[in-house]
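Since the structure of chain W is already known, use the hints to place chain P on it.
Line order of the protein sequences matches chains W and P.
92 is the number that my numbering gives to position 92 of the first sequence; each next residue is one higher, with no gaps.
Just add 1000 to the spot in the second sequence (first one is 1) and you have my numbering.
Honestly, the hints are just simulated from the structure, not real lab data.
Everything numeric in this text was worked out from a predicted model, so none of it was measured.
Below 20 Å or equal to it, Euclidean Cα-Cα: the simulated SDA-like pairs (lysine to any residue) are:
#, chain 1, residue 1, chain 2, residue 2
1, P, K1028, W, N94
2, W, K30, P, H1075
3, W, K70, W, Y101
As a plain string of letters, each chain reads:
Protein chains: 2
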Amino acid sequence: MNFELGNKFEECFVLSNEVYNGFIVVFKDKNPLHTNNQFAVNKGFKNKIMHGNILNGFLSYFIGECLPTKDVIIHSQEIQFKNAVYLNDELQFNAEIIGIYDSVNAIEFTYSFKNKEELIVAKGKIQIGLLK
Amino acid sequence: MNFELGNKFEECFVLSNEVYNGFIVVFKDKNPLHTNNQFAVNKGFKNKIMHGNILNGFLSYFIGECLPTKDVIIHSQEIQFKNAVYLNDELQFNAEIIGIYDSVNAIEFTYSFKNKEELIVAKGKIQIGLLK
Chain W
1 MNFELGNKFE ECFVLSNEVY NGFIVVFKDK NPLHTNNQFA VNKGFKNKIM
51 HGNILNGFLS YFIGECLPTK DVIIHSQEIQ FKNAVYLNDE LQFNAEIIGI
101 YDSVNAIEFT YSFKNKEELI VAKGKIQIGL LK
Chain P
1001 MNFELGNKFE ECFVLSNEVY NGFIVVFKDK NPLHTNNQFA VNKGFKNKIM
1051 HGNILNGFLS YFIGECLPTK DVIIHSQEIQ FKNAVYLNDE LQFNAEIIGI
1101 YDSVNAIEFT YSFKNKEELI VAKGKIQIGL LK
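So here's chain W without its partners, still in its complex pose (with noise of 0.2 Å):
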């Protein structure tokens, strides 16, 4: 077992222009939250926010390959959306292991991502799977 309770993991993520776009161009969803500076103003905010679920595309690159094994498979994951993220906020990523299930191969992390005013925008629980 490459893993132990309480093993933290951190990573940045940064929302670039690159990430936005392309997560446009793969998924389609052009809400105007997303895409229209002046509606989303208009809604409270500082400007367009970006769609929350670039965030669990970082977290499939996480536990994909940030990992001390390859041989991993993601069982559940669950996300709470806490403060909106703008384009090129860089994020600080934290994981911290908090069950490792030996009967069933299964590992259990919270995490966390910041932004540079160390808000949390967002946070949750993934639960992974090792493959033999």
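Positioned in the frame of chain W, the structure of chain P alone reads:
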């Protein structure tokens, strides 16, 4: 209010090459389970399997583009992955409103994605807020 308890929604999503390759270009998750057929076969799958977070991108499109109003924002999501999704799978998406919370302007959905064999590949819940 454009929504009522029990309202049902359905969409069809295709896990095309464009979506699969686009997701990898945007999020850089090249875990061998998603990119190497032989690796995935050795782990017991029919072929390389698609990233679960591609389905979360489809959820973004559903909430952002398929509801009777565009004045929405996602509060939270959860997803459980139940069966593998393969390249070119056509997924039937069904959602239903299971909660309307007027005092906080929030609506809760359950949803599932099924493949052509009628197997549920993923299911979960989404809560959205209605923007004023």
